[in-house]
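Chemist: Chain by chain, the residues:
2 protein chains.
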Amino acid sequence: MMIPTPSALAYVPFVSVANMMRLVHSLGPEHFLSELAAYIEEDFRRWPDFDKTPRIASHSRDGVIELMPTADAESYGFKYVNGHPKNTRTGHQTVTAFGVLSSVATGYPLLLSEMTLLTALRTAATSALVGRYLAPEGARVMALIGNGAQCEFQALAFRALCGIGTLRLYDIDPGATAKAARNLRAQGFDVTECRDAIQAVEGAQIITTCTADKQYATILTDNMVGAGVHINAIGGDCPGKTELHRDILLRADIFVEYPEQTRIEGEIQQLDPDHPVTELWQVMRGTVEGRRNARQITLFDSVGFATEDFSALRYVADQVRGTDFHEPLDLMADPDDPRDLFGMLMRARDA
Amino acid sequence: MMIPTPSALAYVPFVSVANMMRLVHSLGPEHFLSELAAYIEEDFRRWPDFDKTPRIASHSRDGVIELMPTADAESYGFKYVNGHPKNTRTGHQTVTAFGVLSSVATGYPLLLSEMTLLTALRTAATSALVGRYLAPEGARVMALIGNGAQCEFQALAFRALCGIGTLRLYDIDPGATAKAARNLRAQGFDVTECRDAIQAVEGAQIITTCTADKQYATILTDNMVGAGVHINAIGGDCPGKTELHRDILLRADIFVEYPEQTRIEGEIQQLDPDHPVTELWQVMRGTVEGRRNARQITLFDSVGFATEDFSALRYVADQVRGTDFHEPLDLMADPDDPRDLFGMLMRARDA
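So the protein lines, in turn, are chains B and W.
If you read the first sequence in UniProt numbering, its first letter stands for residue 1, the second for the next number, and so on.
If you read the second sequence in UniProt numbering, its first letter stands for residue 1, the second for the next number, and so on.
Looking at chain B on its own, in the form it has when it is part of the complex (with noise of 0.2 Å):
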């Protein structure tokens, strides 16, 4: 009588959350921005290889879990993120998700990961990405608007991309800036605590905005943006969630990841379906000009797009190979004859 031991293919190596921190801190947090942002880099650069699609949303009262999934060749993978954000009163984080890559030759996982934090890391990795095509020669100071979960890895990011060591906090709740701004001092950032949005903006070449509010807010008003300046704009991020007002997308030269998407979920659901928007990949290809001038206003509508995900996994992948990062979880289903997967299940009775 065989005992159904699980062979090598039955698992599929698994990074914690636990896991995932000891990678982060292994590898220096900086350090694993500026390398996944290449990686990130890397796959905008041969954006025709991935099969893109809208991300699939399942919207409810109180929130949204969508599925990211693209490939190219090779991979497949996919994201599951939801976006809560009144989760933080029942000590539930607002956005938390989890991904698979997998083989596209024989769609088996070759990894499962937390993405909770890894999603922080990709979406702070790619606004200083963007930043450095679109942010003015020599920006220092950056307004981060919004001190909630995101907050400290786009500053994080930006220093370790893009030079910037000075940050100009704001948030709506006091004690959200005072967490940042304690976490951000901890790491040797130069940081004002502001008291509005007009404030935090005072003197910053990067506006980044980066609220939860799933509603049309108006975090910024036209005449905050001067000539010059970079915002990222990262919380509009579903159909309905805004924060910029419409004037400064008309002022703006706007720059997206997947226009299909972000017309749908970004700032630009404000605008005509047919207004103007550079996409990201040409700009890093090199076949479209980032940023021309001084005065021109820049504008990255991120909504986040399942090819960052992918990166990401991409990189996870890489980086806990041959490491014990990871633990094997016993997903897939092994039988000795693969067409006897009942006789599988009947041994296990025996053994």
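Hints are computed from structural coordinates only; laboratory data are not their basis.
Remember, it's a predicted structure, so these values are computed and weren't measured experimentally.
Among the hints, erroneous ones may be present.
[As the list claims (entries may be wrong)] Footprint (simulated), chain W over chain B, 3 or more residues, beta carbon under 8 Å:
(1) 21-30
(2) 48-62
(3) 85-91
[As the list claims (entries may be wrong)] Straight-line C-alpha distance at most 30 Å; calculated DSS-like pairs for lysine-lysine:
(4) W:52 <-> B:86
(5) W:52 <-> B:52
(6) B:52 <-> W:86
Where is the CB? At the ideal position from N, CA and C, for every residue including glycine.
Based on these hints, arrange chain W on the given structure of chain B.
Modeler: This is chain W only, laid out in the frame that chain B set:
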């Protein structure tokens, strides 16, 4: 300094392949299939409660990877499933799967489960459930054409739900038939191994086709199907993959899970897009008749729908609660202050 020991919110109950097998045996496979069918039937009867969408498929030369989401007001479920007919050559399964059930209120996963076995079980339970509505009265003999991984599960479910005790097996690979015959005789079935499909359908009141080739195949031709037969067509389940000759479809009354998906993936991809079909949920609700007379040919054009996986996850979640058939997986980041994800990461370094 806070040591970041994960709290209960960090953990997602995980049902591994080994634990799924333990669960099936603790309940008994046929008992499991009967109860699972009752969950599937319950969810079909409240069909309008569900958010429904055709699955999101990523096709490649060798196969397909699919995400199948659905949700009611309380729970969200999705399955990841692949279909790679050539996988058996390298010792891999043709179809493997896993899935997640989540809370709509928070977006947090409540269960992560293997679904390779569970998909085999839910596919069989659905077939037999439909057989109860459509098979001719007094059916005792079933032809099983295609003797791969799904075959024995079909037999067990049709015995548990429809009283089928006699099986006629055929596969183009005699080794597959020998494997299925051995497994099914051990389960007490009266089994005949047939030399071709024509012999297999002789005297059968139910014909189940579950072959795996990704092509337009003709497993059954028109002259092989007599009056009164119920056809349970499992294998035609993606674009370019069918099992039945078109003429059979024109003679049969066709029953489907979700027309929007079946018209793309099922046998009826061979027919005009407005060819009449009956939705099973209406039969199960009693608003539309199933089998009307003893001479009618009925066809379940099965492709598998997300609600069946939802029902299966719901059933498994109910069964494993309070047992040790699951283990805690550190999948969700859980900072003490949900807005302080970065602080959690930094404290992990210090801990």
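Chemist: Decide, hint by hint, whether the structure agrees.
Modeler: Consistency of the hints with the structure:
| no. | hint | result |
| --- | --- | --- |
| 1 | 21-30 | holds (count 5) |
| 2 | 48-62 | holds (count 6) |
| 3 | 85-91 | holds (count 4) |
| 4 | W:52 <-> B:86 | holds, 26 Å |
| 5 | W:52 <-> B:52 | holds, 21 Å |
| 6 | B:52 <-> W:86 | holds, 26 Å |
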